[in-house]
Amino acid sequence: MTKNTLLEVEGLKQYFPIKGGFLGRTVNHVKAVDDISFHINEGETVSVVGESGCGKSTTGRAILRLDEPTEGKVTFQGTDVLALSKSEMRKMRSDMQIIFQDPYASLNPRKTVKMTLIEAMTIQNIGEPKEREQRALEIMETVGLQKHQIDRFPHEFSGGQRQRIGIARALAVNPKLIIADEAVSALDVSIQAQVLNLLQRLQREMGLTYLFIAHDLGVVRHISDRIIVMYLGKIVEMGDTKSIFDNPQHPYTKALLSAIPVPDPKNKSERIFLRGDVPSPIDPPSGCRFHTRCPFATDKCRTEIPVLEHKDETYAGQHDVACHYAIDIQEGRHKPTHEMKNVRKVLDEEGQDIAETKEELNQR
Amino acid sequence: MSDNILDVNDLKTSFFVEGNEIKAVDGVTFNVPKGKTLGIVGESGSGKSITALSILKLIEDPGKIVGGSISFKGEELTTAKESRMRQIRGNEISMIFQEPMTSLNPVYTVGQQLRESFKIHQGLGKKEGTKRSIEMLELVGIPSPDKRVDQYPYELSGGMRQRVMIAIALACKPELLIADEPTTALDVTIQAQILELIKELQEEIGMSVVMITHDLGVVAETCDYVAVMYCGKVVEFADVESLFENPRHPYTVGLLNSLPRHDIDQDELIPIKGNVPAPDEMPSGCRFAPRCPFASDICATLPDLETQEDGNDVRCWIYTDEWDGEEVNVYDKEHSS
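Taken in sequence, the protein lines are chains A and B. Just so you know, we're using this note's numbering here: the first sequence kicks off at 721 and counts up by one. Just so you know, we're using this note's numbering here: the second sequence kicks off at 2 and counts up by one.
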């Protein structure tokens, strides 16, 4: 396997201004992505996971400059993507394509499959104009659509088929990297499996590289080589798929993994419940952003931002985590300050207080 | 007197559009034992939500319940008057929906919406209603309930809103709760909280639950029994352990094989080929036959939902004496895909 870096992201920041106040000035920023760095090797599948609002989709869009990033550096095959002019960027996009979550919203309802595919090729100047229809037919076959469906409109297809059209459109311009933004989330499991298998087959046959953005960890485990876990705009953990699933080190990753319902009624593994909800990215918590929900948090976590690094030499280059206490927790030296057993009574500090007063009342 | 709180028998709900009858629910039979949780699982368009709405008779024109019976504690609901249904809804059978934002009224405070059910069903006044509302919010784990009670839905997060919905649904301590994809719109860590909450409250109030979901993980975690639906019909009904360990219907097997797992390594997913048939192209025999890797001649005739020796039901010719195909092993992975 080649180990050439295809995409390198350094210190990427994406702040969205909040307008308001006098004369619509910028009063604050939503810090959707706040200083993240990672790379993707050629032929690899890297997944970005996290809950809503963690910045995973924003990351994908910022790499393609669908939203202009606030700060940072994106290098694709040695080219600084953010320094390109608009027309240069357009050419660059033939190498970097995106597939969106909702295939219906991302296809033009007034264009047939043929028009959609040929339009993509025309813009990127792929092949001779006369050959494009033939190429469109070949691509349709590749993604598992029937040739006779080429003159149909998006509404004539089912959800799974529409997602195949979205994939066909991305493939039409011979990309090297495909960013799949929740590409299978809207599909039923039986169809989702079809599309996942298709994506894997295409990767084998065409040597594609994927940046897979998803919230479903089952899908992620199945498709990825490496995983990036995000929380509130920061990377909290990053590593090989096996390592992340077998040996999660960040308390957030652990909670996330334990929260997924297991499709096996006999498996009643211990669950880590988190307190409350994700805080607002407008005014994220100081220090470690997870400290408001973390059962292991200390004063250090409230003030010092943890660095994303490998905590154990055996994991050098394979598994990084941003937690002050990753090793201590693992070796049992650092214990949680509270346990989340009974969800209802300990949802957050206030909830805890109520539970205590209630107990006092009961004891009297 | 049966031990079931709900018996649904051969329920049929159709929609009449442009002179066509679309059979959304086409002969559904299941029961919910008292105090237990029944999962109804199926993909989009399988008729699971319409089944739930039919139980509460919330089907609106052009839809209609066209046949079958729904027996709640021995009382027939299909023929019940609207005035009786109003007493039942919210009081004896409650429902929570998928999207908490659209099912809460944005212009009323949380407290006003909670008080409404106390007023309608128990005739409580404002003061008493508010007190009970705060108790309910506390019960579902909302911090500082005395403040939250005066807030509007937009001031709450998604998980918090779903807890308010649960508080409203449980306000009158119903005997049966129908939860239609209650956690689908929520993140997994919040989903875990909500599912645990429903479980805890179920034990506390002793209610029965119908959990409608497409997520087999949620089924495995929360349900005692499972009805698998496909194209308006129940294709398999089993206790949860048998369903996951010994699934019988080729559709159930296909669903489990398609599922990417986060807890174990898999080599390859085995999808079910093709798509769900459109309502106007519904096969007259077994609905699953066009996608089934084992389909044989006899599948052109519709099989019945038949009880097997372990008490679980399956609707498939393979498990009958009439089966005309070769002997099959539904777990044979070579055969599928």
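Bear in mind the hints are in silico, worked out from the structure with no lab data behind them. Don't take every hint at face value.
What the hints assert, rightly or not - Simulated pairs of lysine-lysine, PhoX-like, Cα-Cα distance not exceeding 25 Å:
{"hint": "1", "chain 1": "B", "residue 1": "K24", "chain 2": "B", "residue 2": "K82"}
{"hint": "2", "chain 1": "A", "residue 1": "K988", "chain 2": "B", "residue 2": "K35"}
{"hint": "3", "chain 1": "A", "residue 1": "K974", "chain 2": "B", "residue 2": "K200"}
Stated by the list, open to error - Here are the in silico distance ranges between beta carbons for each label pair:
{"hint": "4", "chain 1": "B", "residue 1": "S158", "chain 2": "A", "residue 2": "M809", "range": "33 to 43 Å"}
{"hint": "5", "chain 1": "A", "residue 1": "L786", "chain 2": "B", "residue 2": "G207", "range": "50 to 60 Å"}
{"hint": "6", "chain 1": "A", "residue 1": "R921", "chain 2": "B", "residue 2": "G207", "range": "32 to 42 Å"}
{"hint": "7", "chain 1": "B", "residue 1": "G75", "chain 2": "A", "residue 2": "N748", "range": "44 to 54 Å"}
{"hint": "8", "chain 1": "A", "residue 1": "Q869", "chain 2": "B", "residue 2": "Q88", "range": "49 to 59 Å"}
{"hint": "9", "chain 1": "B", "residue 1": "D151", "chain 2": "A", "residue 2": "A825", "range": "36 to 46 Å"}
{"hint": "10", "chain 1": "A", "residue 1": "H759", "chain 2": "B", "residue 2": "P280", "range": "43 to 53 Å"}
{"hint": "11", "chain 1": "A", "residue 1": "E853", "chain 2": "B", "residue 2": "S158", "range": "33 to 43 Å"}
{"hint": "12", "chain 1": "B", "residue 1": "T185", "chain 2": "A", "residue 2": "E990", "range": "18 to 28 Å"}
{"hint": "13", "chain 1": "B", "residue 1": "Q152", "chain 2": "A", "residue 2": "K962", "range": "25 to 35 Å"}
{"hint": "14", "chain 1": "A", "residue 1": "G798", "chain 2": "B", "residue 2": "V18", "range": "53 to 63 Å"}
As the list claims (entries may be wrong) - Selected chain A positions facing chain B (in silico; Cβ < 10 Å):
{"hint": "15", "residue": "I911"}
{"hint": "16", "residue": "L937"}
{"hint": "17", "residue": "K962"}
{"hint": "18", "residue": "S963"}
{"hint": "19", "residue": "N967"}
{"hint": "20", "residue": "L976"}
{"hint": "21", "residue": "L977"}
{"hint": "22", "residue": "P985"}
{"hint": "23", "residue": "G996"}
{"hint": "24", "residue": "R1013"}
{"hint": "25", "residue": "P1015"}
{"hint": "26", "residue": "T1018"}
{"hint": "27", "residue": "R1022"}
{"hint": "28", "residue": "L1028"}
Model, not experiment: these values are computed from the prediction. Glycine is no exception: its CB is placed at the ideal position from the N, C-alpha and C atoms.
Against the structure, the hints come out as follows:
Of the pairs offered as hints, the one joining K24(B) and K82(B) holds, with about 24 Å between alpha carbons and a cut-off of 25 Å not exceeded. Restraint check for K988(A) and K35(B): the C-alpha separation of about 23 Å stays at or below 25 Å, so the hint holds. With a C-alpha separation of about 22 Å, the suggested pairing of K974(A) with K200(B) holds against the 25 Å cut-off. S158(B) and M809(A) have their C-beta atoms about 37 Å apart, which keeps the hinted 33 to 43 Å range intact.
As the Cβ distance of L786(A) to G207(B) is approximately 52 Å, the hint placing it in 50 to 60 Å holds. Checked against the hint of 32 to 42 Å, the pair R921(A) and G207(B) fails, with Cβ atoms roughly 51 Å apart. A beta carbon spacing of about 60 Å between G75(B) and N748(A) contradicts the range 44 to 54 Å that was offered as a hint. Distance hint check for Q869(A) and Q88(B): the Cβ-Cβ separation is about 52 Å, which falls inside the suggested range of 49 to 59 Å.
About 37 Å separates the C-beta atoms of D151(B) and A825(A), a value consistent with the hinted range of 36 to 46 Å. Between H759(A) and P280(B) the CB atoms are about 49 Å apart, so this pair conforms to the stated range of 43 to 53 Å. Between E853(A) and S158(B) the beta carbons are some 50 Å apart, a value that contradicts the proposed interval 33 to 43 Å. Roughly 25 Å separates the CB atoms of T185(B) and E990(A), a value that falls within the hinted 18 to 28 Å.
Checked against the hint of 25 to 35 Å, the C-beta distance between Q152(B) and K962(A) comes to roughly 45 Å, which is inconsistent with it. Distance hint check: the CB atoms of G798(A) and V18(B) are about 58 Å apart, consistent with the given range 53 to 63 Å. Below 10 Å, beta-carbon pairs count as interface contacts, and I911(A) has one with chain B at about 7 Å; its hint therefore holds. At a threshold of 10 Å, the smallest CB-CB gap from L937(A) to chain B is about 4 Å, leaving the interface hint in force.
With a cut of 10 Å, the hint placing K962(A) at the interface with chain B holds, because the nearest CB-to-CB distance is about 8 Å. Hint status for S963(A): violated, given a least beta-carbon distance of 13 Å to chain B, over 10 Å. A cut of 10 Å between beta carbons decides the hint on N967(A): the least distance to chain B is about 14 Å, and the hint is violated. About 6 Å separates the beta-carbon of L976(A) from the nearest beta-carbon of chain B, less than 10 Å, and the hint is met.
Interface hint status for L977(A): upheld, as the beta-carbon distance to the closest one in chain B is roughly 7 Å, under 10 Å. A hinted interface residue such as P985(A) counts as satisfied when its beta carbon comes closer than 10 Å to some beta carbon of chain B; here the least separation is about 5 Å, so the hint holds. Hint on G996(A) holds. Least Cβ distance to chain B is approximately 8 Å, under the 10 Å limit. The restraint placing R1013(A) at the interface with chain B holds, with a minimum CB-CB distance near 8 Å, inside the 10 Å limit.
At its closest, the beta carbon of P1015(A) sits 13 Å from a beta carbon of chain B; the interface hint therefore is violated under the 10 Å criterion. Annotation: T1018(A) was flagged as interfacial toward chain B, and the flag is violated, the nearest CB pair being 21 Å apart, outside 10 Å. Taking 10 Å as the C-beta cut-off, the interface hint given for R1022(A) is violated, the closest approach to chain B being about 20 Å. The beta carbon of L1028(A) comes no nearer than 21 Å to any beta carbon in chain B, farther than 10 Å, and the hint placing it at the interface is violated.
Checked against the numbered hints listed earlier, the structure breaks hints 6, 7, 11, 13, 18, 19, 25, 26, 27, 28; every other hint is satisfied.
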